[in-house]
Structure formats: structure tokens, C-alpha cells
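Based on the sequences and whatever the hints tell you, model everything.
In the order they appear, the protein sequences are chains A and B. For the first sequence, position 41 (counting from the first letter as 1) is numbered 41 according to the working numbering, and the numbering increases by one without interruption. For the second sequence, position 156 (counting from the first letter as 1) is numbered 156 according to the working numbering, and the numbering increases by one without interruption.
Just to be clear, a hint being listed does not mean it is correct.
With a straight-line Cα cutoff of 30 Å, these simulated DSS-like cross-link-like pairs (lysine-lysine) come out [unchecked claim]:
no. : chain 1 : residue 1 : chain 2 : residue 2
1   : B       : 23        : B       : 12
2   : A       : 58        : B       : 172
3   : B       : 19        : B       : 30
4   : B       : 23        : A       : 58
Treat the hints as calculated values from the structure; they're not laboratory data.
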Amino acid sequence: MTDKHELFSRWMEHNLTETEQQQFEQLIEQDREFAQRVELAGQLQQQATDYHLGPVPKWQPPIMQRQPSGMTRWWGWSPLSFATSMLAIVMVLFQVELRWHEQGVTLSFAGQGTEQEIATQVAARLASFEEQQQVQLAQYRQDLQQQQQQSNMQLANYLLSSSRTERREDFAELIKFVNEQRSDDQLYFARQLNEFQQQVYENTLPANIDPDRLMMNQE
Amino acid sequence: MFSTTDASLISKALDGNNKAWLKLIKRYEKNVYHYGLRMTGSADDAMDLMQEVFISVFRNLSGFRGDGSFKSWLFRIAHFRCVEFYRRKRSHQSLDEGEEIVDHAACASQPVFDQAQSRDLIAAMQALPLEQKAVVELKFFGQFTFEEIADQLGVSVNTIKSRLYSALGKMKTHLEDIHD
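Structure below.
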């Protein structure tokens, strides 16, 4: 901060002493730039003095209501708000729960109500699950039994029918064998008879008769 | 005398007396509006600024301790709101450096700037950076002392004096350009 600035500032505040006033006037004569600043400051001061504060356009200022003082003490609070605040704090700290049922209202602390409700619900679900399982098991057993019976029946029928067929085939085979045997026996016996017949003719005919020719004549 | 009355009005307003509050507003609304008019150069912006200032006062009135004058406290709020206004308007431009964009047409359109000399001075003022413009405004139109301005703007007294001296130099150059 130069003396020039300080002088100018003191002049602005109307605080110049006589000596400073002389220095100030001397500076105005010597320093053109300083003089111009002083002149401009004078114009601005005059302008500010003559400045006409015109009317302010219409506007809606905010409506003032009672504002709480920054020095308000905690015991100056409304008793009702204090009581409700304390109640809210207690309810949060002790986990108070209020439940409305068809039978009435349940008040529980520290989440006990929730645990009881969970236990009840789990027990109900388990009972329902057990009952459902028993019904399904009984039905499954019945189905299995029926299926077993059907299988046994089918197996018996199959065995009976297959044994009959086998026996029929065996008998047919036996009869066929017997018939073949008889046919062979008949052939055998026919041949034996022919041989006997041949021998008988040979033994009974005279010696000059040829048996083969006789046979051919007979035929 | 005024400060006592202001204090009384503030006390009543804080007790919910809307009449006292409106009286307080009425007392200072012209000063704040014309402060905005000279700082922004636009009637619409000045109106917006004034409303923002009084809303801030409304919200923070309970925090007014009465250490200084209410007027000084009010214009400190006005300055903060004005700085925010310029930040919103020209966020890319530095507040301390760089020339403000002047709406000469807006300045000239105001009925309060009807005289040519007045118009030129206001236009030259608009060309100043915000911090220098604020010092010129508070010193000449607000009639505050350097100490009060320093307290309002939160800087030293010497800084305020330097800003004023520099501002007058810039305004002089600007006025010479206009007249040339």
C-alpha cells in the first residue's frame, strides 16, 4: 500500500488531516492519473448521492412464522414431543412389536414375537408336510401292491400256457416217433414175411419148377 | 437509532410477527434491488437476486447475532448471493480476473439510468471484475466504510483499498474509450 493509495483512501473516508490535505492537493496537481481517479471518485459520489431509488416491482416476500432460537435448550422442548421422542427411542431399543390379530393385539419385546411366530409357522409346515408324505406313501404302497399282483398273474399265465404248448409238442413228437417206429416195423415185418414166403415156396415146389418163373406168372 | 429499530423488528419477526418482518423488508428492499440492478445490469436478474437475498435472510434471521449492523449483515448475504449468481451465470469465467460481459442495452433500458453520465458510469462499472465492482458498489452506493466492506467481503482493509483504486483506474480507461 503506497502513500498515494493511503491518501486516497483517507480522502474517501474524509479522514485527512491538514498536512495530509496539503499533500493530497499537491499530488492532484502533480499526478494526472491520481487526479483523474479523484475526479472519477467525486463523480461517483455525486452519482450515488443523486441516485434515485426507483420503485421495486411487486413481489411476494416470504411469510414469517415463529422461528426457533438457536439458543433453545433441550429442556425447553415441548413435553409432548419429548415424551413421544423418548417412547420412540425406547421402542427402538427394546424392539417393541405390536401385532394386530383377529383375536386381538400382541405386544412383544426383543423380537420374541417374531421368533414365536416363526416357530409356529415351521411346526405347521412340518405337520402339513408329514401328513402329505404319509398319504403319498400309502398310495405308493397300494400302487406297488397292485402292480405286483398283476405281474404275478401275468407270470402264472405265461408259465401255464408255455407248459401246455411244450407238452403238446412233446406228445406230437412222441406220436410221430411211434408212428415212424410202427411204419419201420411194418416194413421190417413185410420183408420178413416175403423172405418166409420165398423160403416156403422154395421148399414146397418140385425141383424142375423154377420159383422165379412161378413168381412172375403169379404176378 | 436505526440499528435499535432493526433489532426490535428482527426480534418481533423471530417471534412470528409477520408485520415486523414485512416492515424490515420494506426498509431495505429498494437498497437491495438497486444493488442487484447495478451489480447485474438487468432488472430481471436484480429481482431474482433480491428475492434470493431475502429468502436467505428469512432462513438465517435467527442466526443474526446483532454484532454489527443489520444492513451490513444483509449486504454480506447480498454479496454471497451475487457471487453465486455470477457463478451460475458464467461458471467458466474467473470471478477475480477477466472482464465481465456487460449488457449495455439492459443497463440503458433502466429508468434509473436515464442521464447519459449516469449511464456511462454504470456501464463502466459493469465492465469491472465482480470483486472490484462489489467494492465500488458498497463504497459509493452502499456508503460503507472500508472496514465494513472488508468485513462483508471477508478480506483485509488494504485489499479493499487496492481494489477500489484499481477499479477507478479501469473505469477511467473505460470511460475514455466510451467518449472516444
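- Item | Holds or violated: residue 58/A to residue 172/B, with C-alpha atoms at most 30 Å apart | violated, 36 Å
- Message: Hinted pair, alpha-carbon criterion (30 Å max): residue 19/B, residue 30/B. Please report holds or violated.
- Response: holds, 18 Å
- Within 30 Å, alpha carbon to alpha carbon, are residue 23/B and residue 12/B? holds, 11 Å
- Message: Against the 30 Å threshold, does the CA-CA distance of residue 23/B and residue 58/A hold or violate the hint?
- Response: OK: residue 23/B and residue 58/A at ~15 Å, within 30 Å.
The structure fails to meet hint 2 from the earlier list, while all remaining hints are met.
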